[in-house]
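*Asks:* Sequence lines, in order, name chains A and B. Taken in order, the first sequence gives residues 0 to 150; the numbers are from numbering that gives the first Met the number 0. Taken in order, the second sequence gives residues 0 to 259; the numbers are from numbering that gives the first Met the number 0.
These are calculated hints, taken from the structure and not from any lab test. In this text, all values refer to a predicted model and were calculated from it rather than measured experimentally. Please note: incorrect hints may appear among the correct ones.
[Stated by the list, open to error] Beyond 12 Å from chain B on every Cβ pair, some chain A residues (computed):
(1) V9
(2) F12
(3) L13
(4) V18
(5) K53
(6) A59
(7) E83
(8) E117
[Claimed, not checked] Cβ-Cβ distance ranges computed for the label pairs, FRET-style:
(9) A/T67 to B/A253: 21 to 27 Å
(10) B/A16 to A/V7: 21 to 27 Å
(11) A/R3 to B/S26: 17 to 23 Å
(12) A/E6 to B/Y27: 23 to 29 Å
(13) B/F79 to A/E119: 42 to 48 Å
(14) A/R3 to B/E96: 16 to 22 Å
(15) A/G107 to B/G177: 49 to 55 Å
(16) B/K52 to A/T67: 57 to 63 Å
(17) A/G49 to B/A253: 20 to 26 Å
(18) B/L4 to A/K52: 31 to 37 Å
Glycine residues also receive a C-beta, built at the ideal position from the N, C-alpha and C atoms.
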Amino acid sequence: MRSRTIEVLVGLFLVAGIVAALGLAVSVSGYSGGKGDTYKIYAHFDNIGGLTKKAEVTLAGVQIGTVTDIGIDADYLVAKVEMEIFSEVDYLSIDSSVQILTSGLLGGKYIGLSVGAEDEVLVDGSLVEDSQSALVLEELIGKFLFDKVSE
Amino acid sequence: MFDFLALIGHQSISKLAGFGRAAIILSYALVAWPEPKSSFKLLVKQLYHVGVKSLLIIAVSGLFIGMVLGLQGYTILVDFGSEQSVGQMVALSLVRELAPVVTALLFAGRAGSALTAEIGLMKATEQLASLEMIGVDPLRRIVAPRLWAGFISMPILSMIFAVVGVYGGALVSIEWLGVYSGSFWSVMQGSVDFYDDVLNGVIKAIVFGIAVTWVALYQGLESVPTSEGISQSTTRTVVYSSLIILALDFVLTALMFGDV
Numbered sequence: 000m001r002s003r004t005i006e007v008l009v010g011l012f013l014v015a016g017i018v019a020a021l022g023l024a025v026s027v028s029g030y031s032g033g034k035g036d037t038y039k040i041y042a043h044f045d046n047i048g049g050l051t052k053k054a055e056v057t058l059a060g061v062q063i064g065t066v067t068d069i070g071i072d073a074d075y076l077v078a079k080v081e082m083e084i085f086s087e088v089d090y091l092s093i094d095s096s097v098q099i100l101t102s103g104l105l106g107g108k109y110i111g112l113s114v115g116a117e118d119e120v121l122v123d124g125s126l127v128e129d130s131q132s133a134l135v136l137e138e139l140i141g142k143f144l145f146d147k148v149s150e
Numbered sequence: 000m001f002d003f004l005a006l007i008g009h010q011s012i013s014k015l016a017g018f019g020r021a022a023i024i025l026s027y028a029l030v031a032w033p034e035p036k037s038s039f040k041l042l043v044k045q046l047y048h049v050g051v052k053s054l055l056i057i058a059v060s061g062l063f064i065g066m067v068l069g070l071q072g073y074t075i076l077v078d079f080g081s082e083q084s085v086g087q088m089v090a091l092s093l094v095r096e097l098a099p100v101v102t103a104l105l106f107a108g109r110a111g112s113a114l115t116a117e118i119g120l121m122k123a124t125e126q127l128a129s130l131e132m133i134g135v136d137p138l139r140r141i142v143a144p145r146l147w148a149g150f151i152s153m154p155i156l157s158m159i160f161a162v163v164g165v166y167g168g169a170l171v172s173i174e175w176l177g178v179y180s181g182s183f184w185s186v187m188q189g190s191v192d193f194y195d196d197v198l199n200g201v202i203k204a205i206v207f208g209i210a211v212t213w214v215a216l217y218q219g220l221e222s223v224p225t226s227e228g229i230s231q232s233t234t235r236t237v238v239y240s241s242l243i244i245l246a247l248d249f250v251l252t253a254l255m256f257g258d259v
């Protein structure tokens with residue numbers, strides 16, 4: 000085989016590899032070139048009920064950030080969830096509330112945020128005061144039975 | 000009785016010496032500084048023989064595996080009403096596991112055995128000895144370009160396998176089974192993470208490429224210089240490469256995906 004043909008074929012092979020890499024990045028994984036700057040906010044929950052890291056944080060259903068860390072707050076003995084919010088979203092008022100919701104029937108847990116009415120906004124390191132824990136099935140059943148018994 | 004012990008001792012020591020020789024070959028072929036002009040031409044030629052010629056089998060296998068995954072996935076998921084997740088299933092299986100492993104196994108069978116046979120024949124027909132005699136280092140001229148060609152081709156082939164497989168799965172699911180194309184792609188994109196899935200798959204492919212090419216070249220250089228010896232080395236390349244690939248796959252998967 001002539002060496003020129005070989006070179007052209009190898010070049011095409013490498014180009015095919017690059018195209019495959021780009022295809023994997025864009026159409027299979029939906030990578031959009033980094034998420035840009037973020038700031039951290041925290042929230043306390045009595046029960047995170049199956050929330051995991053990398054879960055979405057949404058406002059009106061649109062993603063505004065991700066959950067980056069879940070731990071225990073040793074002072075208050077509740078769950079402390081750390082969230083990273085995109086820097087463009089700088090209008091979350093200080094009296095916003097967070098709630099752990101379920102996506103679909105079998106879906107994973109995510110955090111929904113509702114904005115309040117204050118002028119002051121959440122900044123890096125703020126704690127969201129108003130939080131509502133996940134719905135845990137056993138607590139619901141227990142509550143139902145308790146109400147039934149007391150009737 | 001002592002003969003038996005002596006045999007075991009002799010086998011172990013010669014296996015150890017074999018590992019040592021393999022390590023020396025690898026490090027020498029990697030570290031020896033290449034001459035810019037001639038080594039690039041050699042590399043391109045080897046990329047052709049190792050990479051481009053494997054492209055057909057990799058692409059066709061990827062297509063059919065993707066199509067089968069789409070079909071089987073749909074059949075199972077439709078019972079749960081989650082057939083839109085078939086894209087996620089196909090993409091994650093391919094990108095995380097099947098693309099690196101199946102590409103490596105096919106690569107070992109096609110390119111690995113070809114490398115071993117070629118080097119084994121060069122050894123048998125004393126071409127390697129004659130090169131040394133005229134002052135050309137056979138490790139630098141013969142082995143190093145083939146080594147680098149293997150390292151470069153494997154990740155590329157693995158990515159091509161994954162992409163062709165995903166599109167094969169899309170073809171079957173969207174065109175023939177009626178899955179809605181919008182949800183196919185968006186559920187897939189929502190669940191495949193670039194760093195955790197795609198890059199990990201590429202890392203696996205690079206590791207497998209190093210393993211397969213190293214085993215193939217070592218077996219070629221160590222082959223008994225007869226026709227029977229060459230056929231034995233070629234078989235050993237394919238068998239050892241496959242076992243090493245599958246063992247490394249488990250180790251890498253446990254490291255990468257074990258803790259989630």
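*Asks:* For each hint, tell me whether it holds in the structure or not.
*Replies:* Results for each hint:
1. Not every C-beta of chain B lies more than 12 Å from that of A/V9, the closest at about 5 Å, which undercuts listing it as non-interface.
2. With a cut of 12 Å on Cβ distances, A/F12 falls inside the contact zone with chain B, its closest approach being about 5 Å.
3. With a minimum CB-CB distance of about 7 Å to chain B, A/L13 fails to clear the 12 Å threshold, and the non-interface call is violated.
4. A/V18, annotated as away from the interface, has a beta carbon of chain B within 12 Å; the closest lies near 8 Å.
5. Distance check on A/K53: its Cβ comes as close as 8 Å (rounded) to a Cβ of chain B, failing to clear the 12 Å threshold; non-interface status is violated.
6. Listed as a non-interface residue, A/A59 keeps its Cβ farther than 12 Å from every Cβ of chain B; the least gap is roughly 18 Å.
7. At the 12 Å boundary, the C-beta of A/E83 stays outside the reach of chain B, the nearest C-beta of that chain being 15 Å off.
8. Under the 12 Å C-beta cut-off, the non-interface status given to A/E117 relative to chain B holds; the minimum distance is some 33 Å.
9. The hinted range of 21 to 27 Å is satisfied by A/T67 and B/A253, whose Cβ atoms lie roughly 24 Å apart.
10. Distance hint check: the CB atoms of B/A16 and A/V7 are about 44 Å apart, inconsistent with the given range 21 to 27 Å.
11. Checked against the hint of 17 to 23 Å, the C-beta distance between A/R3 and B/S26 comes to roughly 34 Å, which is inconsistent with it.
12. Look at A/E6 against B/Y27: about 27 Å separates their beta carbons, and that is inside 23 to 29 Å.
13. Range check, B/F79 to A/E119: Cβ separation about 47 Å, and the 42 to 48 Å hint holds.
14. Between A/R3 and B/E96 the beta carbon distance is about 39 Å. The supplied range of 16 to 22 Å is therefore violated.
15. Look at A/G107 against B/G177: about 27 Å separates their beta carbons, and that is not inside 49 to 55 Å.
16. Checked against the hint of 57 to 63 Å, the pair B/K52 and A/T67 fails, with Cβ atoms roughly 46 Å apart.
17. For the pair A/G49 and B/A253, the beta carbons lie near 24 Å from each other, so the given range of 20 to 26 Å is met.
18. Evaluation of the 31 to 37 Å hint for B/L4 and A/K52 yields a failure: the beta carbon distance comes to about 55 Å.
Violated hints for the displayed structure, listed by number in ascending order: 1, 2, 3, 4, 5, 10, 11, 14, 15, 16, 18.
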